[in-house]
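Sequences and hints are given; from them, build the entire structure.
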Amino acid sequence: MNEEQNEQLTRVGRGTPMGELFRRYWLPVAASIELTSGPARPVRVLGEDLALFRTVDGEVGLVDARCPHRGASLAHGFVDDCSLRCPYHGWAFDASGACTDLPALESRPGLQARAAVDSHPVQELGGLVFAYLGAQPAPPVPRYDLFVAEGTLRDIGRAVIPCNWLQIMENSVDPVHLEWLHGRHLGEVRAVSGQSAPRRYSRPHTEIGFDEFELGIVKRRVLEGGTRDDDDWAVGHPLVFPNMVRVGADRQHRFQIRVPVDDTHTLHWWYSVYLPAAGAPPVAQDEIPVYEVPFLDDRGEFVVDFVDGGDIMTWVTQGPIADRTRELLVDTDRGIALYRRMLLEQADAVTRGDDPLGVVHTDQTIALAQEREKYGDAAAFLADAIPASHVRHSPLREQIVALLSEPPR
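Once you know that position 235 of the sequence shown is 732 in the numbering used here, the rest is easy, because the numbers rise by one and skip nothing.
What the hints contain is simulated information worked out from the structure, not anything from laboratory work.
Each statement offered as a hint is correct.
Pair by pair, the computed Cβ-Cβ distance ranges are: (1) E903 - D845: 42 to 52 Å; (2) A899 - C579: 38 to 48 Å; (3) A834 - E903: 40 to 50 Å; (4) R823 - A601: 54 to 64 Å; (5) H573 - H702: 43 to 53 Å; (6) P905 - D642: 19 to 29 Å; (7) V857 - A688: 37 to 47 Å; (8) T724 - A864: 22 to 32 Å; (9) P791 - A569: 29 to 39 Å; (10) P539 - L793: 14 to 24 Å; (11) H702 - P539: 38 to 48 Å.
C-beta atoms are modelled at their ideal positions from N, C-alpha and C, and glycine is treated no differently.
Right, dumping it as structure tokens:
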């Protein structure tokens with residue numbers, strides 16, 4: 498890959514190929530539980546600084562963070578009834594960006610109308626706050642099955658990772674790293690500290706495959722001792738274009754969503770759903786908690802004794818933006834080559850005025866297939882995986898373990 502192509506694939510500001518592509522999708526920017534009426538929250542997404550707030554009547558607004566008066570940040574303002582007030586001089590703006598109050602000694606005709614700020618559509622779904630920064634009209638927020646699952650236990654993990662979004666997403670079309678990074682390397686790391694290591698990640702791959710479908714890429718694998726009849730190949734799991742992957746096993750299902758903050762930072766979401774055992778009553782859950790996933794220790798060193806920490810280490814150590822002019826790809830990297838090609842093709846579609854892959858125009862629930870008997874033994878796989886994953890930081894960890902340990906009734 499040459500330097501120009503690397504720039505095309507990594508930059509997300511307005512007017513860039515990937516920036517314009519990402520602006521055609523709804524992106525999660527916050528968790529609903531943390532957005533209360535009162536103080537605004539700063540949001541940085543696709544290189545833009547925005548202010549997110551909830552009014553007293555529950556409406557959510559997302560506006561340009563720069564106050565048109567003197568440039569102070571509205572993201573540090575507060576909600577006054579149905580408007581967000583600038584902390585500096587009290588100018589107020591509603592969710593549409595209109596200026597609703599402009600405190601001044603004298604009124605000047607037309608000044609309040611001129612003071613409007615840019616706003617963006619916002620919708621809540623499944624405990625997440627989604628924003629749309631693209632051209633109007635905005636398409637519906639895709640109602641993927643996990644976001645609307647009922648009677649399940651859900652939680653949301655989050656981390657801001659200091660590297661470009663693409664080196665994170667490329668990990669999702671790199672199946673073979675599981676046997677080395679999460680098998681061999683994780684085993685060595687945990688052995689040093691006397692911890693048990695997952696036993697199933699280290700099974701060698703004998704075949705990998707990638708199929709394009711209407712929402713992205715289905716990834717498949719055959720492991721040593723397995724066949725194409727196994728779920729890992731016959732069902733596989735999807736990369737939902739452009740920035741989400743569905744993973745899990747048995748009664749654990751998860752979206753990993755990667756949102757570009759700017760060119761060198763990525764907001765990573767782990768959106769997890771845990772199903773009750775067959776015959777068990779549905780789970781009653783009033784709120785979906787959000788928690789931070791730490792990946793550095795007190796000395797600033799990477800914490801690599803869990804699956805996600807190992808991933809993050811490999812992403813960040815590639816540099817803020819990986820230099821792909823120096824890479825040497827091999828046959829196991831063909832999923833990465835496919836994904837890059839699709840990104841450029843879909844960016845061209847946006848330039849032509851067409852909808853890119855994965856933009857949907859339906860309010861119906863979208864079910865996504867995913868393997869259940871992962872690695873041939875889902876229950877044992879989960880028993881191994883949970884203690885060595887980001888789930889160890891969840892406030893619901895004990896409840897999750899108890900739920901997944903329930904036998905069918």
